[in-house]
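Student: Go ahead and model the full structure; you've got the sequences and the hints to work with.
Chains as they are written, first to last, in the numbering used here: chain A, 155 to 244; chain B, 155 to 244; chain C, 155 to 244; chain D, 155 to 244; chain E, 155 to 244.
No wet-lab data here; the hints were simulated from the structure.
Any given hint could turn out to be false.
In this list, chains with the same sequence are indistinguishable; a pair is considered to hold if it fits within one copy or across any two.
List of simulated lysine to aspartate or glutamate pairs, DMTMM-like, C-alpha gap at most 25 Å [claimed, not checked]:
hint, residue 1, residue 2
1, Lys177, Asp244
2, Lys172, Asp191
3, Lys172, Asp190
4, Lys172, Asp244
5, Lys177, Asp199
6, Lys172, Asp189
7, Lys172, Asp241
8, Lys177, Asp241
9, Lys172, Asp225
10, Lys172, Asp238
11, Lys177, Glu207
12, Lys177, Asp191
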Amino acid sequence: MILGRVVGTVVATQKHDKYEGSKLLLVQPLNLSGDDDGDELVAVDSVGAGAGETVLVVQEGRSTSMVMGTDLAPANAAIVGIVDQVDLHD
Amino acid sequence: MILGRVVGTVVATQKHDKYEGSKLLLVQPLNLSGDDDGDELVAVDSVGAGAGETVLVVQEGRSTSMVMGTDLAPANAAIVGIVDQVDLHD
Amino acid sequence: MILGRVVGTVVATQKHDKYEGSKLLLVQPLNLSGDDDGDELVAVDSVGAGAGETVLVVQEGRSTSMVMGTDLAPANAAIVGIVDQVDLHD
Amino acid sequence: MILGRVVGTVVATQKHDKYEGSKLLLVQPLNLSGDDDGDELVAVDSVGAGAGETVLVVQEGRSTSMVMGTDLAPANAAIVGIVDQVDLHD
Amino acid sequence: MILGRVVGTVVATQKHDKYEGSKLLLVQPLNLSGDDDGDELVAVDSVGAGAGETVLVVQEGRSTSMVMGTDLAPANAAIVGIVDQVDLHD
Numbered sequence: 155m156i157l158g159r160v161v162g163t164v165v166a167t168q169k170h171d172k173y174e175g176s177k178l179l180l181v182q183p184l185n186l187s188g189d190d191d192g193d194e195l196v197a198v199d200s201v202g203a204g205a206g207e208t209v210l211v212v213q214e215g216r217s218t219s220m221v222m223g224t225d226l227a228p229a230n231a232a233i234v235g236i237v238d239q240v241d242l243h244d
Numbered sequence: 155m156i157l158g159r160v161v162g163t164v165v166a167t168q169k170h171d172k173y174e175g176s177k178l179l180l181v182q183p184l185n186l187s188g189d190d191d192g193d194e195l196v197a198v199d200s201v202g203a204g205a206g207e208t209v210l211v212v213q214e215g216r217s218t219s220m221v222m223g224t225d226l227a228p229a230n231a232a233i234v235g236i237v238d239q240v241d242l243h244d
Numbered sequence: 155m156i157l158g159r160v161v162g163t164v165v166a167t168q169k170h171d172k173y174e175g176s177k178l179l180l181v182q183p184l185n186l187s188g189d190d191d192g193d194e195l196v197a198v199d200s201v202g203a204g205a206g207e208t209v210l211v212v213q214e215g216r217s218t219s220m221v222m223g224t225d226l227a228p229a230n231a232a233i234v235g236i237v238d239q240v241d242l243h244d
Numbered sequence: 155m156i157l158g159r160v161v162g163t164v165v166a167t168q169k170h171d172k173y174e175g176s177k178l179l180l181v182q183p184l185n186l187s188g189d190d191d192g193d194e195l196v197a198v199d200s201v202g203a204g205a206g207e208t209v210l211v212v213q214e215g216r217s218t219s220m221v222m223g224t225d226l227a228p229a230n231a232a233i234v235g236i237v238d239q240v241d242l243h244d
Numbered sequence: 155m156i157l158g159r160v161v162g163t164v165v166a167t168q169k170h171d172k173y174e175g176s177k178l179l180l181v182q183p184l185n186l187s188g189d190d191d192g193d194e195l196v197a198v199d200s201v202g203a204g205a206g207e208t209v210l211v212v213q214e215g216r217s218t219s220m221v222m223g224t225d226l227a228p229a230n231a232a233i234v235g236i237v238d239q240v241d242l243h244d
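Tutor: Dropping the structure here:
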């Protein structure tokens, strides 16, 4: 999984039926210092993540289908946690 | 999933049988600013996406087989939505 | 999937049994302009691709096993089409 | 799999139920020289890895679900070994 | 799959049970010219590959489990062939 920050919302009227009711958020991956690092991705929210929050993102089809409440959805990234704190070891 | 822009069409007469009837589009990944960013990919269209449109792309085999209406096709990228709008948070 | 060009053949006498009878080709990924772009990969040919041809490559285990005619082979890239033409939109 | 170093702990109170009881560690991938190389990732610990240890990390959903003791969890990276030594060939 | 060179051996006493009896090799990916290119990875050997040999590597969980002789192991990279020769087309 990776850490990311919620930076936007994606609106798509015309989309695959399995996406109905799912919220699509734009996520910017972060590095250890909490800075932007890596290419943005679109993830299905499963935990009620809000703008600017640091989140835990899983990038896999089975996982994403699961959080969408189905065996198989054409989706492969999901927000599965809201990060309270990252403790860096010395 | 990622955001991309439809930049071309791929014509392949000689291809695996499972591709019959599928439209193959060339997609350029985009970054937050809507600029080109990342390597182009070829995706099966499932939503009638047209030239220049911003689309939602899933990169996974099970998802792609699903939108092709089969349990298993040798394909791993599909266009699953047409993006109307991306709302960037402040 | 990605577009690539067949640039070589890989010969491996000692290999997993499931590879018997499969042709292994070296593929160079291409960008929109048809120039080399990205790291080379080795793919199982399923369409009789020849030297220098532009091909459609899928990178996934299930897809590759399928084109090798088996449920499960330890392989994850296959050539599934020979590209005649790429029409770039304006 | 890749080699990495445990550099931190991720705390997420609000997360998918399947993560209950799992320890989430922040891992920095390493190169041959043991230097930092590549983007950090978050992995489920399955071997009791501690701060600063060099670990073996698998990045796949099925594997991660397995070490979490379930058929399917929305997670795709796990620490599966603690590395004692890397012997570089001459 | 990719081509790589065996550059080291990884020793991990504390590891997931499914790894018992498996040899873990450190592999450096190679480009067309046979030069180092890309991030090192750790792969389960299934063909008796030795130091310095050029090998064929598959990066997928199902494939790796298969060569480890099990339905499911928490591992996702395996050496599946020893490369005798790479014939580059003109």
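Student: Confirm or reject each hint.
Tutor: Against the structure, the hints:
{"no.": "1", "hint": "Lys177 to Asp244", "result": "between (37 Å within a copy, 19 Å between copies)"}
{"no.": "2", "hint": "Lys172 to Asp191", "result": "neither (30 Å within a copy, 28 Å between copies)"}
{"no.": "3", "hint": "Lys172 to Asp190", "result": "neither (31 Å within a copy, 28 Å between copies)"}
{"no.": "4", "hint": "Lys172 to Asp244", "result": "neither (45 Å within a copy, 29 Å between copies)"}
{"no.": "5", "hint": "Lys177 to Asp199", "result": "both (6 Å within a copy, 22 Å between copies)"}
{"no.": "6", "hint": "Lys172 to Asp189", "result": "neither (33 Å within a copy, 28 Å between copies)"}
{"no.": "7", "hint": "Lys172 to Asp241", "result": "between (37 Å within a copy, 22 Å between copies)"}
{"no.": "8", "hint": "Lys177 to Asp241", "result": "between (29 Å within a copy, 13 Å between copies)"}
{"no.": "9", "hint": "Lys172 to Asp225", "result": "both (11 Å within a copy, 16 Å between copies)"}
{"no.": "10", "hint": "Lys172 to Asp238", "result": "between (30 Å within a copy, 18 Å between copies)"}
{"no.": "11", "hint": "Lys177 to Glu207", "result": "both (15 Å within a copy, 21 Å between copies)"}
{"no.": "12", "hint": "Lys177 to Asp191", "result": "both (23 Å within a copy, 24 Å between copies)"}
Hint compliance for this structure: hints 2, 3, 4, 6 are not met, and every other hint is.
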